[in-house]
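Colleague: Which chain is which? The protein sequence lines are S and W, in order. Going by the numbering used here, the first sequence opens with residue 12, and the numbers climb by one from there. Going by the numbering used here, the second sequence opens with residue 12, and the numbers climb by one from there.
The set of hints was computed from the structure by calculation and includes no laboratory data. It is possible that part of the hints are untrue.
Identical chains blur together in the list; that is why a pair holds if it fits in one copy or across any two.
[As the list claims (entries may be wrong)] Computed list of lysine to any residue pairs in SDA-like fashion (alpha-carbon distance at most 25 Å, straight line):
#1 220 <-> 108
#2 48 <-> 451
#3 371 <-> 321
#4 359 <-> 261
#5 157 <-> 213
#6 354 <-> 267
#7 359 <-> 252
#8 220 <-> 295
#9 220 <-> 116
#10 354 <-> 108
Number of protein chains: 2
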Amino acid sequence: MPLAQALEYAKLNRPRYLSELKDFIAIPSISTLPERKGDIQRAAEWLAHELTSIGLHAEIIATNGHPVVYGERLGTPGNSTVLIYGHYDVQPVDPLEEWVTPPFEPMIHGEDIFGRGASDMKGNAHAVIKALEARITSGDLAVNVKVLFEGEEEIGSPNLETFMIKYKDKLSCDCVLNTDSGILRPDLPSLAYGLRGLVCFEILVRGPKNDLHSGTFGGSVHNPGQVLSDLIANMHDRDGRVTLPGFYDRVRTLSNEERTELASIPHSDRDWRELTGVPQLWGERGFSTLERIGTRPTLEINGLLAGFTGEGVKTVLPARAIAKISMRIVPDQDDEAVYQQLKEYMRKNAPPTITWEIRKLESEAAVILDRNTPAMRAASASLEATFGVKPVFDRKGESIGVPSLTKKILGKDSVLMGFSLPDDNAHAPNEKLHLPNYYRGIETYIRFFDLISAANSPGQLKEY
Amino acid sequence: MPLAQALEYAKLNRPRYLSELKDFIAIPSISTLPERKGDIQRAAEWLAHELTSIGLHAEIIATNGHPVVYGERLGTPGNSTVLIYGHYDVQPVDPLEEWVTPPFEPMIHGEDIFGRGASDMKGNAHAVIKALEARITSGDLAVNVKVLFEGEEEIGSPNLETFMIKYKDKLSCDCVLNTDSGILRPDLPSLAYGLRGLVCFEILVRGPKNDLHSGTFGGSVHNPGQVLSDLIANMHDRDGRVTLPGFYDRVRTLSNEERTELASIPHSDRDWRELTGVPQLWGERGFSTLERIGTRPTLEINGLLAGFTGEGVKTVLPARAIAKISMRIVPDQDDEAVYQQLKEYMRKNAPPTITWEIRKLESEAAVILDRNTPAMRAASASLEATFGVKPVFDRKGESIGVPSLTKKILGKDSVLMGFSLPDDNAHAPNEKLHLPNYYRGIETYIRFFDLISAANSPGQLKEY
């Protein structure tokens, strides 16, 4: 019973797995900070060593940015090949003062391990490696695996497309297992088939050439903080809709079937409110919370900065005001079209009393996946066997650009299967990983490899 | 000719004066920063030493905050007494990166000396001390002088009222010379008879309990940055008027006479635009620039802060957003009433999707002075003799709470006579002092003491 043996092996080795996971989280591999370049390299080396130690051929491949960790085990030439995708970089930690424990000193409280990257996504990366270890050790990994961990996901994977094009042959596969994902609840496994895209901007409003004394000049010069607030305020109407010209033109209308399906996902607005801690939920009129998150585009203020923001008082009329804005886009919106809409909005609405600039920072396409591929069915069966309940199909609000990239370059659809939870504080202070979910993740991946190992020729995954 | 002698003395000693002024500016006496407490003390000691060295009895008097430097020379008991007011503390320096030269390493470029506090108001403080020195050395200071330099003006003089009440007898005088002021242009002396008041607030908008992932939650939770922008945007209407309920109820209507007088002050909107560097001026519809600055209340955004504001991208939905807001108020507006209006506005306009808090940080009353007192006429004559042109009477946009305090506690009106210029970058990077103006300031103060010395009994200043 190689499956039972692999599952038993994984269970016995949990203490060691957890200790390794802590080492991984402890590396502050923040991709957006130049001063963390050395830590990024350390994380890559740590991962390559992990892959080698479980029997894969591993290498660290340079890019124009942070390196890719690549590994492969092609022991069964006649069989199918799975490309496993993940990333080893993490988000910045600020505001640091809101962390209860230091972000890079992983600590366990109750059933959770706390640390930056625990949930997004060192936990998932480690779980899939440990699943491979269990299957290889049990002697029955009959599928070929290729592993690609990038170090730039949190900054929008600027070099991944070039990398994939360059190594297209090396990366050829029958399906992609993308582990940068999560499930709805510890007792409710789910498979995402839709993802929102992302496009990020920085808007700069310039007023006077210097910060001015608000007494000497106040009332005669338009305050850039006020102008920026006006501009932001009018980007939404009273129904919570984005007002950029043409913003909704290419948004797909939700079919009744899809609305019914989404409505069947267990969800409680009350729980959602408690999870977030807001006094009342908000959103675009005419849509449910899950529809708003999974299927509707948004425009978010990620950051605002103007003038004096320290303790006490400084009565300046600031020279400039900056907003960091991101939009989650949905099929068939296009990042470049949205950029033009934002510029058009600014041209129409910015007053002549200031000047402005927009920088487009990064973008990722929205994704809709076929729910009926063999790999998707294998994933579904693995989740059901592990969690004891059928997974639901879900459209997620998050953006991961990689599925559309792998589809475009390698021609293959992805299975999005990871084990992060909505309350894991990804991208926020006190990020954590639910350990029971991490262990169930290892088990699910072990079953997944079992099911697809049963296929006996490339492109021919066994049907479930 | 004691006057000619004093003027000559001041002229001959300019190089020494300038060198002393540099030492004074070099002390980073930022009152709002706790870590500068030692520098505040140093500045107080420096000033007390200056006063002693020119023949005043000086002392450093503790308050609940930063100390007051007090000096006096009461050599002519039968004569009038002038209380000279100034402050030795300065504003913070951020954004530091915008300074061309280090803020506390005073440097001369052309006719200006650059450094934090040069214009606001170490230059004026030093000028009046040097004028006293010149008159005392020339042996003819026939007026009694009391000098009060506080160390907390830039944080709203929180302990000055208590100090003045406690030392009311010690501070008794016939008039107050407040040197915390400026003139319109180097060739256009002016005397301010009106000052706007100030009231400062911090508005905090709280949304979710943590920063949230904008993909996971975006569209279902009201973004505090967006809410704050909405709230700020609606604080002004399309005519540039403040919308707080009742905000203008107690604002005095400008008389035709006052409008005519203000219109006679040389002012060019084009120069104002060039001075500030804005593409177009702005303000409340129906008022001229000088009216907007001197006689109309405003609401300014001093600072905005929310979410991620570093380089690159962090797609958070921020937990909170903060605005620092100050209002310049005019007679007969009242800071407490304005506070209530702001709270009322927030109660009416803040959505139920967030919570909010307002903190009132500091306030100063608006002031209108009698233009026809003997001291005001002495000041006017001194300016005319020095600059060769009659000063104009001006209403200033700045707020200094001290004139209303001295009126309230000591029962005396002030003369506001200082030599800062509108383009001196007070409160901003690259603050500077125009040196020819500094020297003319010394000369003007010398003449002022000459004219009021001629009065021969308390409360009986000579008429000009």
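Colleague: Run every hint past the structure and note whether it holds.
Modeller: Hints and how they fare:
no. : hint        : result
1   : 220 <-> 108 : between (33 Å within a copy, 14 Å between copies)
2   : 48 <-> 451  : neither (33 Å within a copy, 57 Å between copies)
3   : 371 <-> 321 : between (29 Å within a copy, 15 Å between copies)
4   : 359 <-> 261 : within (21 Å within a copy, 37 Å between copies)
5   : 157 <-> 213 : neither (37 Å within a copy, 54 Å between copies)
6   : 354 <-> 267 : neither (34 Å within a copy, 45 Å between copies)
7   : 359 <-> 252 : both (18 Å within a copy, 22 Å between copies)
8   : 220 <-> 295 : between (39 Å within a copy, 21 Å between copies)
9   : 220 <-> 116 : between (44 Å within a copy, 23 Å between copies)
10  : 354 <-> 108 : neither (36 Å within a copy, 29 Å between copies)
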